[in-house]
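Chemist: Chain by chain, the residues:
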Amino acid sequence: MALLEVRDLKVSFDTPDGAVRAVRGLSFDVEAGQTLAVVGESGSGKSVSTQTITGLTRGATVSGTAYFDGTDLITADQSTLRHLRGARIGMIFQDPLSSLHPHYRIGWQIVEMIRAHDSVISKKDARKRAAELLTLVGIPRATERIDDYPHQFSGGMRQRVMIAMAMALDPALLIADEPTTALDVTVQAQVLNVMRRLQQQFGTAIVLITHDLGVVAEMADEVVVMYAGTVMERAPRRDIFYRNHHPYTQGLLASLPTRSGERLTPIAGSPPSLISLPKGCPFASRCPHVFDKCRTEAPPLADIGPRHQSACWLPVQASEAIAS
Amino acid sequence: MSDVLLKVDNVRKEFPTHAKEVVKAVDGVSLEVFKGETLGLVGETGCGKSSLARCMAHLYDVTSGSVSFEGTEISALSRRAMRPIRREIQVIFQDPYGSLNPRRRVGSIIGDPFAIHNIASGVARKRKVQELMELVGLNPEHYNRFPAEFSGGQRQRIGVARALALRPKLIICDEPVSALDVSIQAQIINLLADLQRELDLTYVFISHDLSVVRHVSNRIAVMYLGKIVELAPTDELFGQTRHPYTRALLSALPVADPDTADSREQIILGGDIPSATNPPAGCRFHTRCPKARADCATAEPLMIAVLDDTDNHRTACHYPLTLGEDLSTAVPDLKAS
Numbered sequence: 059m060a061l062l063e064v065r066d067l068k069v070s071f072d073t074p075d076g077a078v079r080a081v082r083g084l085s086f087d088v089e090a091g092q093t094l095a096v097v098g099e100s101g102s103g104k105s106v107s108t109q110t111i112t113g114l115t116r117g118a119t120v121s122g123t124a125y126f127d128g129t130d131l132i133t134a135d136q137s138t139l140r141h142l143r144g145a146r147i148g149m150i151f152q153d154p155l156s157s158l159h160p161h162y163r164i165g166w167q168i169v170e171m172i173r174a175h176d177s178v179i180s181k182k183d184a185r186k187r188a189a190e191l192l193t194l195v196g197i198p199r200a201t202e203r204i205d206d207y208p209h210q211f212s213g214g215m216r217q218r219v220m221i222a223m224a225m226a227l228d229p230a231l232l233i234a235d236e237p238t239t240a241l242d243v244t245v246q247a248q249v250l251n252v253m254r255r256l257q258q259q260f261g262t263a264i265v266l267i268t269h270d271l272g273v274v275a276e277m278a279d280e281v282v283v284m285y286a287g288t289v290m291e292r293a294p295r296r297d298i299f300y301r302n303h304h305p306y307t308q309g310l311l312a313s314l315p316t317r318s319g320e321r322l323t324p325i326a327g328s329p330p331s332l333i334s335l336p337k338g339c340p341f342a343s344r345c346p347h348v349f350d351k352c353r354t355e356a357p358p359l360a361d362i363g364p365r366h367q368s369a370c371w372l373p374v375q376a377s378e379a380i381a382s
Numbered sequence: 014m015s016d017v018l019l020k021v022d023n024v025r026k027e028f029p030t031h032a033k034e035v036v037k038a039v040d041g042v043s044l045e046v047f048k049g050e051t052l053g054l055v056g057e058t059g060c061g062k063s064s065l066a067r068c069m070a071h072l073y074d075v076t077s078g079s080v081s082f083e084g085t086e087i088s089a090l091s092r093r094a095m096r097p098i099r100r101e102i103q104v105i106f107q108d109p110y111g112s113l114n115p116r117r118r119v120g121s122i123i124g125d126p127f128a129i130h131n132i133a134s135g136v137a138r139k140r141k142v143q144e145l146m147e148l149v150g151l152n153p154e155h156y157n158r159f160p161a162e163f164s165g166g167q168r169q170r171i172g173v174a175r176a177l178a179l180r181p182k183l184i185i186c187d188e189p190v191s192a193l194d195v196s197i198q199a200q201i202i203n204l205l206a207d208l209q210r211e212l213d214l215t216y217v218f219i220s221h222d223l224s225v226v227r228h229v230s231n232r233i234a235v236m237y238l239g240k241i242v243e244l245a246p247t248d249e250l251f252g253q254t255r256h257p258y259t260r261a262l263l264s265a266l267p268v269a270d271p272d273t274a275d276s277r278e279q280i281i282l283g284g285d286i287p288s289a290t291n292p293p294a295g296c297r298f299h300t301r302c303p304k305a306r307a308d309c310a311t312a313e314p315l316m317i318a319v320l321d322d323t324d325n326h327r328t329a330c331h332y333p334l335t336l337g338e339d340l341s342t343a344v345p346d347l348k349a350s
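Taken in sequence, the protein lines are chains P and B.
Residues in the first sequence are numbered consecutively from 59, following our numbering.
Residues in the second sequence are numbered consecutively from 14, following our numbering.
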């Protein structure tokens with residue numbers, strides 16, 4: 059059994075304009091010690107789905123299951139979730155500045171986090187642990203800087219503090235939502251390196267949410283490509299890049315700037331509204347290979363190879379021919 | 014491609030802080046922008062690329078040095094004297110949400126340049142605006158809509174249309190695609206390329222995203238802490254990288270190709286960019302450079318052609334990289350010998 063098993067997750071938000079169906083039947087597994095990258099563009103539902111799993115979407119209508127180590131996170135009560143979050147499931151978000159309290163010292167915030175989950179640890183030991191964690195994520199002179207305030211840290215250092223907090227209690231799963239999007243590339247490389255190292259050291263599973271296919275190629279074991287609240291394609295990393303099937307995956311890769319400076323191939327149009335989704339495949343209106351069936355019937359996520367699934371009516375061979 | 018359109022000569026731009034210090038955002042930059050080219054300007058947060066761009070467009074007064082456009086010095090011109098030249102130099106900004114007034118209709122936003130410069134009014138203006146909308150791929154019938162009714166990519170097209178209104182010669186694009194999703198980003202990059210060809214435009218293209226800059230630029234200038242550290246034709250910058258910082262920047266760029274990602278050399282720089290109020294002496298990069306030596310900390314390197322490079326390729330480094338040199342195993346040695 060996988061560490062995390064999400065099945066048919068649906069999340070919608072009521073708005074004055076109608077229900078926004080942000081996630082529409084999402085299923086995926088995360089194996090222990092592996093990195094699953096969830097990739098998609100703005101509004102694809104990639105962040106909402108993991109926020110829902112960790113109980114952070116208040117006021118949403120949620121259905122489906124998400125079993126983490128035998129506990130269904132969707133139906134779990136707040137106190138169970140509060141125990142799991144932090145202790146067993148660590149989280150890092152895009153903006154490290156707004157995730158740290160500006161009025162409290164870095165060390166205090168980490169100590170507080172450790173003591174919230176460990177009632178027997180002494181303040182002194184927790185502080186020692188905090189300093190160790192800061193060293194672990196590569197903060198220089200950690201024993202001095204532990205008493206700094208967040209504003210005294212640079213963006214990259216703050217994100218490393220967030221990783222230190224997320225890893226403080228040796229969680230089995232780390233959810234990283236665009237952890238390096240706000241960072242410069244050289245700092246991003248440092249942070250990704252820290253995440254990779256910690257994963258090897260502690261065997262943590264990572265769900266990495268990103269829009270950056272470069273980060274996916276560097277970090278992922280498995281990849282889920284999301285569009286309009288649902289999975290378009292799911293496969294091991296190399297298959298997503300070299301043997302992909304779904305026209306949306308192909309479109310994303312073709313949109314990337316190339317070395318050669320040749321003309322790019324963008325995906326025409328823009329994503330559909332999640333309030334009034336068209337019938338059929340959500341990508342139909344932008345798909346270069348669309349045919350009648352796509353407009354009337356949404357394709358299911360079907361097996362097309364080992365560990366490889368795609369939600370597209372195109373036969374496997376036809377898609378390969380088009381891609382080459 | 015030898016006609017110089019814009020020349021930046023030893024430009025400095027300082028900003029006072031309330032602690033009575035100065036941030037040296039741009040600290041002695043010289044470069045030329047040739048007619049018809051795209052000059053890429055890359056660097057990380059706080060390296061001064063946007064400040065330099067604003068000095069180029071005379072949106073900022075320079076602290077010292079000069080900027081000249083087609084031979085006319087513009088950095089000291091008054092607003093009034095700048096006006097005719099303003100028509101020739103336009104800017105496209107990053108944020109397609111923040112750079113358009115949400116309460117004004119798109120037609121009047123794009124028509125502003127015509128009104129300000131007294132070029133067309135009434136029906137003539139509307140016709141010109143609709144032509145522009147068509148040119149950038151917007152539906153001219155959406156003339157009366159508000160910015161909020163457009164998607165991010167469409168709003169960036171509005172920004173492009175506004176910049177094109179007065180048929181400028183030079184467009185400074187300040188992170189024009191950074192806020193957009195990749196599929197939309199590609200649409201805007203293609204649009205800018207088409208317009209450059211059709212309208213004979215020159216671009217200065219600023220981005221923190223090296224893969225975008227590589228795609229669009231003929232030449233690229235790499236900035237670090239207010240200075241240009243390397244300036245070269247795009248292929249040379251990538252194929253014959255001389256400056257250790259450029260190499261580190263290239264190696265940090267995630268590549269959307271698993272085979273390359275698994276096999277390439279990665280240089281992880283230590284530490285963070287130092288403060289621009291008190292930059293390191295000597296070469297500014299010496300505090301993080303994997304191959305720094307004692308003299309890097311004292312003597313500032315000049316922008317020159319190094320090794321067997323031609324004058325097109327200039328680098329500010331005492332110990333430039335040779336072809337195939339492995340930087341990932343280099344160790345700094347700052348002790349004086």
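Some hints could be false.
[What the hints assert, rightly or not] Output of the computed footprint for chain B on chain P, the stretches with three or more beta carbons under 8 Å from beta carbons of chain B:
| hint | region |
| --- | --- |
| 1 | 150 to 156 |
| 2 | 247 to 253 |
| 3 | 273 to 281 |
| 4 | 292 to 304 |
[Said to hold, decoys possible] Residues of chain P clear of chain B, computed beta-carbon distances all greater than 12 Å:
| hint | residue |
| --- | --- |
| 5 | A134 |
| 6 | G196 |
| 7 | D242 |
| 8 | T268 |
| 9 | R317 |
| 10 | K351 |
| 11 | G363 |
[Said to hold, decoys possible] With a straight-line Cα cutoff of 25 Å, these simulated DMTMM-like cross-link-like pairs (lysine to aspartate or glutamate) come out:
| hint | chain 1 | residue 1 | chain 2 | residue 2 |
| --- | --- | --- | --- | --- |
| 12 | B | K48 | P | D206 |
| 13 | P | K337 | B | D248 |
| 14 | B | K33 | P | D206 |
Treat the hints as calculated values from the structure; they're not laboratory data.
Think of the CB as a built atom: it goes at the ideal place given N, C-alpha and C, for glycine as much as any other residue.
Chemist: So which hints don't hold here, by number, going up?
Modeler: 1, 6, 7, 8, 9, 12, 13
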